[in-house]
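Asker: Chains as they are written, first to last, in numbering that gives the first Met the number 0: chain A, 0 to 185; chain B, 0 to 185.
Honestly, the hints are just simulated from the structure, not real lab data.
Check before you lean on any hint, since a few could be wrong.
If chains are identical, the list can't say which one is meant, so a pair holds when it fits in one copy or spans any two.
To be verified - In silico SDA-like cross-links for lysine to any residue, where the CA-CA straight-line distance does not exceed 20 Å:
hint, residue 1, residue 2
1, K94, T20
2, K121, A55
3, K121, S60
4, K94, R1
5, K121, D30
6, K121, P164
7, K121, R5
8, K121, R168
Protein chains: 2
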Amino acid sequence: MRADARKNYDQLIAVARTVVTADGAGASMRDIARRAGVGLGTMQRHFPTREALLEALLRTSFDGLTTKAGELETSDAAGDALVWWLRDFVAMADKYQGVITAMVAALEDPESALHASCTMMKAAGARLLARAQVEGTVRADIDATDLYALGGALAWVGDQPALAPRVERLFTLIVGAIMTNPAPGR
Amino acid sequence: MRADARKNYDQLIAVARTVVTADGAGASMRDIARRAGVGLGTMQRHFPTREALLEALLRTSFDGLTTKAGELETSDAAGDALVWWLRDFVAMADKYQGVITAMVAALEDPESALHASCTMMKAAGARLLARAQVEGTVRADIDATDLYALGGALAWVGDQPALAPRVERLFTLIVGAIMTNPAPGR
DNA sequence: ACCTGAACACCGTTCAAGT
DNA sequence: ACCTGAACACCGTTCAAGT
Chain A
0 MRADARKNYD
10 QLIAVARTVV
20 TADGAGASMR
30 DIARRAGVGL
40 GTMQRHFPTR
50 EALLEALLRT
60 SFDGLTTKAG
70 ELETSDAAGD
80 ALVWWLRDFV
90 AMADKYQGVI
100 TAMVAALEDP
110 ESALHASCTM
120 MKAAGARLLA
130 RAQVEGTVRA
140 DIDATDLYAL
150 GGALAWVGDQ
160 PALAPRVERL
170 FTLIVGAIMT
180 NPAPGR
Chain B
0 MRADARKNYD
10 QLIAVARTVV
20 TADGAGASMR
30 DIARRAGVGL
40 GTMQRHFPTR
50 EALLEALLRT
60 SFDGLTTKAG
70 ELETSDAAGD
80 ALVWWLRDFV
90 AMADKYQGVI
100 TAMVAALEDP
110 ESALHASCTM
120 MKAAGARLLA
130 RAQVEGTVRA
140 DIDATDLYAL
150 GGALAWVGDQ
160 PALAPRVERL
170 FTLIVGAIMT
180 NPAPGR
C-alpha cells in the first residue's frame, strides 16, 4: 500500500472506531469519511461495504478469540473453558451496538466480509462445546447454532441500554441452563 | 374522522402490514405512502412517527395480551400461566422483524408512541411473575426487567432467519432456567 | 495508484398551497 | 378538515476527472 493510502486507511479506522462506538454498527459511512477528511470514493475503496469496515474494526478481537479458543482447548476443565470463551464472545459483540445482528446475518451470507470471521467463531465455539459435552458438564442436546443463538441473544441484551445492566446476571442464568451440573453461583 | 380520512387511514394500515411484514420495522415510510396511493403529508399526519405506525399495527396484539394476562391471573397454576403468556409475548414480538428492539427502547422513552403499550406489557408480565414466585414455581431472584430481557432476547433470536428455527427449543431451555421445579419436557 | 467530489436514487420531515 | 407534493437535509453507491 502506498504511504498516502496507508495514512488514509489508518485515519478512517481511527475515526470509525469513535463514530461506531457512539452511533453503533449503522453509523453513517459518509460521516466517517467526512470526519476523517477523506473523499467518499476513498472510503468506498478501502471499505466497499459496511461489513468490511466492521470486520476491520473487529479483526483484532476476532483473532484474539480464535487464539484464546485454541489455548482453552488444551486446558483441563472443558466446561469452564466453554463458559470463559462464551463470556469473551459476548463482550466482543457488545463492543459496538448492533454488530451482533450483522454477525449472525454474515453466517448465512458467504459474500459478506464478516462471513469468514463469524464462521471461525462458530467453529471455535463448536469445538469447545463438543469437548464440554464429552466431559459431561454440558447438556448433549445443544449444538453450535444453539450456542451462537444464546451468545447472540445475550449480546443483543447488552446492546439495549435499558437491559445492559442485566447481561451478567442473565449470562449466569443461561449458562446454568446448559450445564448438566452447574456449580452454585458460577 | 372524516370518511376520506378514514379510508386513507385504513388503506395505510393495510399496506403497512404487508410492507412491514416483508421489510421489518425499518421499512420505508415513503414506500408505504406511495403504495397506499397517499401523499407524504397524509402519512405523516396519521402516523407522525414510525413508532405510531408500529403501535397501530400491533394494537390488537397488545390488547389481546393484556386481556390474556388478566384471564391467566385467575387461573390456578401460576407457573404455567407465566410460561403461556411469555410464549405469546415472544410470538407477538416476532410478527414484525425488528419490532422488539423498538419495544425495548420505548420502555425508556415516555414520548414514544409505543411507551404505554410496552409499559403495560411489562406490568402484566410482572404480575404473572410475582404470582409464580409466590407459588414457588419460579425463582425469586428474577424481576420484571429480567423477564422482559429474556423475552426480548428470544424475540431477537426469532428475528434472525438463521436462528429462528431454534426459538422454541431455546424458549424451553430458558424457561427451564427460571423455574425452580421444571416439569420434564415442558 | 490513488484521490476527489459531482451525480444519482433513495430516505424522513416540514410546510405552503390547494380542495 | 383534510390532502398533495415540492423543498430540504440527509443517506450509500457509482464514476468521471484529476494528481
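Asker: All hints are to be evaluated individually against the structure, with a verdict given for each.
Answerer: Hint check:
In this assembly of identical chains, K94 and T20 lie within 20 Å of each other by CA distance solely inside one copy; the values are 7 Å within and 30 Å between copies. Taking identical chains as interchangeable, the C-alpha atoms of K121 and A55 lie at most 20 Å apart only when both belong to the same chain, with a minimum of 19 Å there against 39 Å between chains. Within a single copy, K121 and S60 get their C-alpha atoms as close as 14 Å, which meets the 20 Å cut-off; across copies the closest is 36 Å, which misses it. Proximity of K94 and R1 under a CA criterion of 20 Å is satisfied in neither setting, with 31 Å inside one chain copy and 50 Å between copies.
For the homomeric pair K121 and D30, neither the shortest alpha-carbon distance inside one copy (32 Å) nor that between copies (37 Å) is at most 20 Å. With identical chains, the CA atoms of K121 and P164 are at most 20 Å apart between copies only, with a shortest distance of 17 Å across copies and 26 Å within one. In this assembly of identical chains, K121 and R5 lie within 20 Å of each other by CA distance neither inside one copy nor across copies; the values are 32 Å within and 51 Å between. In this assembly of identical chains, K121 and R168 lie within 20 Å of each other by CA distance solely across copies; the values are 19 Å between and 23 Å within a copy.
When the structure is compared with the earlier hints, violations turn up for hints 4, 5 and 7 and for no others.
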